[in-house]
Amino acid sequence: MISYDSLVKPYSSFEGCGDFSVVIERSDSHLIVVGDVGGHGSYKIGQVAHFIEQLVNDNSAADIDYIFKSIANSQLSEKFGVMLFVGRIDKRLPLLNYICVGDLKIKVFRQNNWITLHSQNGMVGKHLPQKINRFASKLHDADLLSITTDGVNRNILEVVNKQSLASKLTDLNKRIMQQAGSKSDDSLSLLIRFKQSNSNLPIPNQLATPHSTELVNYRSADLAEVSIKPVRLNPLNIEPRNIEKLKAQHLFCILDNDTLAKDKIHSLLSFLDFPRELDLKLQTLILELIYHTQTGVKIYYHNKRLQIEFASDDALFESCRIILGEKHLFKNQLDGSYIISFLTTKQIDAKDEKFAQLKERIQIGLPPSAYKQYQKDKQRDETLAQQAKLASMGEMIGSIAHQWRQPLNELAIRIQTLKYQIKQAEDVDKLLATFTSDNLATIKFMSKTIDDFRNFFKVDKEKQFFSLMTAIEQVKLMLVAQFEKDNIRLDIQGEDVSINSYQSEIQQVLLNLISNAKDALKHSDNPNKHIKVVIKDNKVLIQDNGGGIPQDIEAQIFEPYYTTKSHGEGTGIGLYMSKLIVENHLCGQLTFQNIHAGENQQGAQFTIHFPDDAPADHNNPQTQI
Amino acid sequence: MLIMHCKQFQINKDTDVHSLINMVSYFAAQQNTSEVIRAELVIICSEIAYNVIKFANQAQLDLQLVENKLVITCAEQSNGFSIPLENAFIEGVSTAGSLGLGMGSMIRMCDDFRLCTNDQGTTIVCTKEL
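Residue numbers (the numbering used here), protein chains in the order written: chain A, 1 to 625; chain B, 626 to 755.
These aren't lab readings, by the way, just hints derived from the structure by calculation.
Some hints here could point you the wrong way.
Stated by the list, open to error - Result set (DMTMM-like, lysine to aspartate or glutamate): computed pairs, CA atoms no more than 20 Å apart in a straight line:
#1 K138/A / E754/B
#2 K131/A / D90/A
#3 K632/B / E692/B
#4 K107/A / E692/B
#5 K138/A / D737/B
What the hints assert, rightly or not - Covered stretches of chain A (in silico footprint by chain B; criterion: 3 or more residues with CB under 8 Å from a CB of chain B, positions within the stretch not fixed):
#6 131 to 145
#7 520 to 532
Even glycine gets a Cβ: it sits at the ideal position worked out from N, Cα and C.
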């Protein structure tokens, strides 16, 4: 418990006063900040002091290191300079933790003696010491703590005496200012009287139920002179209560031995607004549980209830009981696992976007800064995937138009010539039957083209067994008309194999690689334009004799938006997306090399490496139909 | 003020802690201190020394008898406290997988306790009236 009084004597006006103090009482501590902004008698100086007061108020829950750094890093501090004391008196422990830089005098009057506490030379913002010292000093009952700025320019020992120290703090401060307050500077005196209360004694656990331990008073002749009577605590043998576990779908994350476990726990607990002290205790406890248990620690959250599940032995459970008490400890009778359960004040919906992002970040195992980059990359990849799909669709629509042109011409020619053929036909019925069947065959071919392209864009949700040879044949069918037009031969070689994978995605990649080979050959002078697709073990090789890829651009070909085609002919995302699909979705590899493609001919070879679990059976290929 | 410089210790392994505890216990007995004070002195010294072993690898520990008070000064030059200082004293908080009850107990047992830490080391001064 503290009582305090702060008195400021400005040089000219309170608005222009650079000396300030802030004392904030929190549930677990008292925060004390005293500052002296460089200069006096100026409205700007007063504004800086006010800004720092506001900064302290906004961050009063943070630790003193953070508050100190926030003030030190502010531009106003750098401009004007501040002498600064930031300290905290914990309510449970009679201890003053503080950081003090600058010419502020800190003294404690105790048992008729003045004790000077340490500080550091320098000035926050202008001459910050290289190493910032953090101090801690034990406080005693009835201690009087005095913090004064340099405007109090006489030694406080000369001003106050033992008799005056018994008076009220306000009267004492007035006396100090009258006798020691400077006329040429702002002055501030903060007096704090510390009173040790029961809250300063160790409380094993505020959450513990009153019947969990049996208190035994212990006395002996030796102890009569000692003021503190020790007690022995005999913990009773109480069986943990049963609790129903949250379901598997409410599992938030599993923590095992990883370096980010502490950050993960803290991120979740601060998101759920856990008090700082409990947050720290749970971090400590969970890290110990992770260290000692083989199966890791599971964290569940649903509908305001947080559960921490671990499999352990009774000794470890006893440690949990000491730290947390009985109230939050349970055991599931069905599987024997131990559970720490809390009811949170904050209600979070499982669909809450921020909660979902936190869950994703923790499950992936990324620190916050890296997660932001991950989200940006994910967004970019989704955009690229969409663009790639649109580009593919654009190409497909072009292919459909190309494939339909000839059959539509055929239909038009047959319809136009029917009139003349009927006049010359000997058997009109036979002519009409032939006319009908030919046209129906043409229409059927056009309809099949639509089905082929529609199936091509269907997204496979699950892996399926399919014939690799058949899949390649289907891609060939889509491009055959263009190959004939450009006089390119496409051969498929190797033994068929059935693989367990995503057929449409593999066909997308094949289509992209074969189309690239076709585009490379289109403008080539080579009279024997040739593309080979070879199935070999668990690889598919796409080879062409289109001259290969120049060495100076080899490293860039898989980069997004990189293309050697002219504007409008290529988007530059085909190879990037193909690599992404093969490596991320199919768990394989896509590689490239230049090859000798025959006598005095150079070419390119792209290889799709399937993972080892993909191929099924070389001797028993299954067909897709 | 009468100062008697008693002993300097280098703490860098478990056996050093045992030596320290034995020395303190013996010294306190020589000064005719009560059992309770003796026990508290042992706890304070062992708490400081074990924290050195856990976190700092080595340190120098001085015992000085100043009038009727034992002043224990421990200085180490490692990285200082890895967490904010005010969190280090909260019961239940530990960065070494323990219960986190030692520092608070030690502070309560000392008559005076001062600490200074930065990223180059920590100095602790505990005073206990005999």
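Hint-by-hint comparison with the structure:
{"no.": "1", "hint": "K138/A / E754/B", "verdict": "holds (15 Å)"}
{"no.": "2", "hint": "K131/A / D90/A", "verdict": "violated (24 Å)"}
{"no.": "3", "hint": "K632/B / E692/B", "verdict": "holds (16 Å)"}
{"no.": "4", "hint": "K107/A / E692/B", "verdict": "violated (23 Å)"}
{"no.": "5", "hint": "K138/A / D737/B", "verdict": "holds (6 Å)"}
{"no.": "6", "hint": "131 to 145", "verdict": "holds (count 8)"}
{"no.": "7", "hint": "520 to 532", "verdict": "violated (count 0)"}
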